[in-house]
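Read top to bottom, the protein sequences are chains P and G.
Under the numbering used here, read the first sequence as residues 1 to 458, first letter to last.
Under the numbering used here, read the second sequence as residues 1 to 458, first letter to last.
Source of the hints: derived by calculation from the structure; they are not laboratory data.
This structure is a prediction, so every number in the text was calculated from the model and none was measured.
Accuracy of the hints is not assured; some may be wrong.
One copy or two, either will do: identical chains are not told apart, so a pair holds if it fits within one copy or between any two.
Unchecked claim - Below, simulated DSS-like cross-link-like pairs (lysine-lysine); rule was C-alpha separation at most 25 Å, straight line:
1) Lys-134 x Lys-404
2) Lys-133 x Lys-94
3) Lys-94 x Lys-129
Protein chains: 2
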Amino acid sequence: MDDTIRQHKYLLTEDQIPTTWYNIIPDLPVPPPPPLHPGTMEPVGPEDLAPLFPMALIEQEVTGERYVDIPGGVLDVYRQWRPTPLFRAHRLEKALGTPARIYYKYEGVSPAGSHKPNTAVPQAYYNAKEGIKKLTTETGAGQWGTALAFACALYDIECEVWQVGASYDAKPYRRLMIEAFGASVHRSPSQLTEAGRTLGADPANQSGSLGIAISEAVEVAATHPEVRYALGSVLNHVLLHQTVIGEEALLQLEMAGDTPTHIVGCTGGGSNFAGLSFPFLREKLAGKISPEIIAAEPASCPSLTRGVYAYDFGDTAGMTPLMKMHTLGHDFVPDPIHAGGLRYHGMAPLISHVYEQGLMTAQAVPQTECFSAAVQFARTEGIVPAPEPTHALALAIREAQRAKETGEETVILTALCGHGHFDLTAYDDYLNGRMVDEDVTEERLAHGLETLPQVPVG
Amino acid sequence: MDDTIRQHKYLLTEDQIPTTWYNIIPDLPVPPPPPLHPGTMEPVGPEDLAPLFPMALIEQEVTGERYVDIPGGVLDVYRQWRPTPLFRAHRLEKALGTPARIYYKYEGVSPAGSHKPNTAVPQAYYNAKEGIKKLTTETGAGQWGTALAFACALYDIECEVWQVGASYDAKPYRRLMIEAFGASVHRSPSQLTEAGRTLGADPANQSGSLGIAISEAVEVAATHPEVRYALGSVLNHVLLHQTVIGEEALLQLEMAGDTPTHIVGCTGGGSNFAGLSFPFLREKLAGKISPEIIAAEPASCPSLTRGVYAYDFGDTAGMTPLMKMHTLGHDFVPDPIHAGGLRYHGMAPLISHVYEQGLMTAQAVPQTECFSAAVQFARTEGIVPAPEPTHALALAIREAQRAKETGEETVILTALCGHGHFDLTAYDDYLNGRMVDEDVTEERLAHGLETLPQVPVG
Chain P
1 MDDTIRQHKY LLTEDQIPTT WYNIIPDLPV PPPPPLHPGT MEPVGPEDLA
51 PLFPMALIEQ EVTGERYVDI PGGVLDVYRQ WRPTPLFRAH RLEKALGTPA
101 RIYYKYEGVS PAGSHKPNTA VPQAYYNAKE GIKKLTTETG AGQWGTALAF
151 ACALYDIECE VWQVGASYDA KPYRRLMIEA FGASVHRSPS QLTEAGRTLG
201 ADPANQSGSL GIAISEAVEV AATHPEVRYA LGSVLNHVLL HQTVIGEEAL
251 LQLEMAGDTP THIVGCTGGG SNFAGLSFPF LREKLAGKIS PEIIAAEPAS
301 CPSLTRGVYA YDFGDTAGMT PLMKMHTLGH DFVPDPIHAG GLRYHGMAPL
351 ISHVYEQGLM TAQAVPQTEC FSAAVQFART EGIVPAPEPT HALALAIREA
401 QRAKETGEET VILTALCGHG HFDLTAYDDY LNGRMVDEDV TEERLAHGLE
451 TLPQVPVG
Chain G
1 MDDTIRQHKY LLTEDQIPTT WYNIIPDLPV PPPPPLHPGT MEPVGPEDLA
51 PLFPMALIEQ EVTGERYVDI PGGVLDVYRQ WRPTPLFRAH RLEKALGTPA
101 RIYYKYEGVS PAGSHKPNTA VPQAYYNAKE GIKKLTTETG AGQWGTALAF
151 ACALYDIECE VWQVGASYDA KPYRRLMIEA FGASVHRSPS QLTEAGRTLG
201 ADPANQSGSL GIAISEAVEV AATHPEVRYA LGSVLNHVLL HQTVIGEEAL
251 LQLEMAGDTP THIVGCTGGG SNFAGLSFPF LREKLAGKIS PEIIAAEPAS
301 CPSLTRGVYA YDFGDTAGMT PLMKMHTLGH DFVPDPIHAG GLRYHGMAPL
351 ISHVYEQGLM TAQAVPQTEC FSAAVQFART EGIVPAPEPT HALALAIREA
401 QRAKETGEET VILTALCGHG HFDLTAYDDY LNGRMVDEDV TEERLAHGLE
451 TLPQVPVG
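Make a model of the complete structure from these sequences and hints.
Okay, here's the thing in structure tokens:
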């Protein structure tokens, strides 16, 4: 009996926490296309972003440096939960009967329960350094809102969160957690903003989307000079901050004496995926390793697998710069699946560019397959995953089953980017047969793409 | 700004996980009184306990050995989350403006989110080794039920949980978490047992208690020869398993170069408190350190501070052996406070004995003071505590404030035995002014004590 349940965790010491964030841009064969000002169609400059972000973050957004120093004050906070553990999923492997070796990097040990504090803390830190006293933001699943509320509490910054309606309704505990940290929460779409009000008089009937919630939070920041805005994914500086995940995982796999053949991460805006995979992609571009890097996205919001690569707005109301990315159109409202953190119409421009360069692949997964994987994972590995990373778990299990058939020596690395303590109604739905898979029709896709802004070529 | 938020965690390596559990009994000046068979009033023997527990646990219950070996198979599972971190609460200290140094041992990093897996895993392990395929249990706050469901999933044991009604109603996510791990949950009192049915036809109107839920779970195990029962606190073997907490904390405080002057833990049944404090009490009895050891109990369930030290049943229906302990009477039903894990009429016999020997003290804390401490803790340390350990946090803050007045060099150690992710409605009540402190009247105390069983003296 004893040998059936062994669990290996690979722990680093605190002095192995990365002291720099990794910026992949200088290592890419082709630089990514710049964001454009929607009025002039010219590349945006720092001054265009200054109403929304502190200068330190704007500099990180456009930096060409390969490594960006992590301030000591941020490291002091990271040390509360970093380095995070890497686990070998022995018990899951055994249940699957697979020869594949499955590793998962677990970010749910953070105070907010996900990878989001990796960027929430530096964002709050730089805002505090520049004297900002209030931040606005959106949240989908609630993980980002929780993380920013936590970070703002540390730096004595007021925090106001627009939570996507579907998530606000389904996950009351997320709101309560954000409030416990001292932030305030609004259901989005709200009547507090022009962006929300234009959606009609009865927003409570609308499930909302990340694009709409972003519009609301951006509007408040843009119209109040003393307020700044913080985004939980999509932008270069957010992806940059998350690379601590992959940098640690590189060291931990080395401890395990293993080299990944498959790296699988879930993608909504893309920050968790980039955080895990970009340091490995650096090694791949340097010819040291050759893993297949796979994005797992929800079948109901398939920006990489069924979207177009085009300039589009980051939000629904069209207040952000235009970003070249894989998009379903900024008007696209995904079905209210449980993985609220993945309900974003676009994809991080940097990931979109990497995808276009052929450096990674993507697969879409229906949510019932995700929750089947999640329950099997919970009952073997003992951790109840958030709905978002179950997409990556489902693909990891697909690969592990393929390895069982082919006998190939497969080594899978995935990121378990958060726990599902606030998502248990989703498990209830799944376990009681109430979960459905909704597909995106061609008509809906075509409709979403009709609203793409016209951008002059060249 | 940077130096205001430093966070120190003290981490051990995996080879520093204790390989033995510590049994305090041989180190006590006087042995504790034995449990009695309620029919014969003679000390119970192993055969009396055999219908409920596997023999390995019965042996641990009565062992005179100072150290009990932890099986390799249990250590393999412990390694998933142990050693747990010890944190220095720098940010809380700063907010309090205290010269006291506050340390907290954080057990919320376990898969179930509390200290309970420390004993759930060995209990499931020993039952599985003896071929048991089904366990029953009770749960108050839901932490124990979650932990046992997790452990049973690992060993392929069926698990049936009676959840105290007040907790079942207030914490639906706890039930869902238990179900996600594959166990089944009943609201207690239920109509499934004689113990539940005798409480009347409309148990849904009753808030229940741990004593009632224990009766129900024990009844099912006692009347089904193939089923065993597992208890999450109170008994010697449960306290024994929890000593990994204190053993690790001893090493970690040594790393920190500090010696505690105050050790504060919350007490319901007492397992978390014993787990933290007994290894330190061993050092105190050996004359090496001299901390004050303080139990923090809820004002609404004050077994140590306002109960009597007498033989009483461990459950409401009177199915268990008689145990000499501090009790409010097995009929006492505490107010439905949010700290469901502390709503137990008695106290672990071993802690009661230690208390009678003058080796520790106790204080009762009203729940609004607890939640005031909890919110301050969440907004400084970044962790939202479960309601139970907020009792210890409140006393830690009292001591820290005293140190501020007296200037004494106070070093406080406490156990943050679980996170509050499933208790957020309690925070909602507190933050919105809906939380009240209910006191226990002398009449209610007297009523509870009327039903104490008569035990011949001598």
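Subject >> Numbered hints the structure breaks, given as an ascending list >> reply: 1
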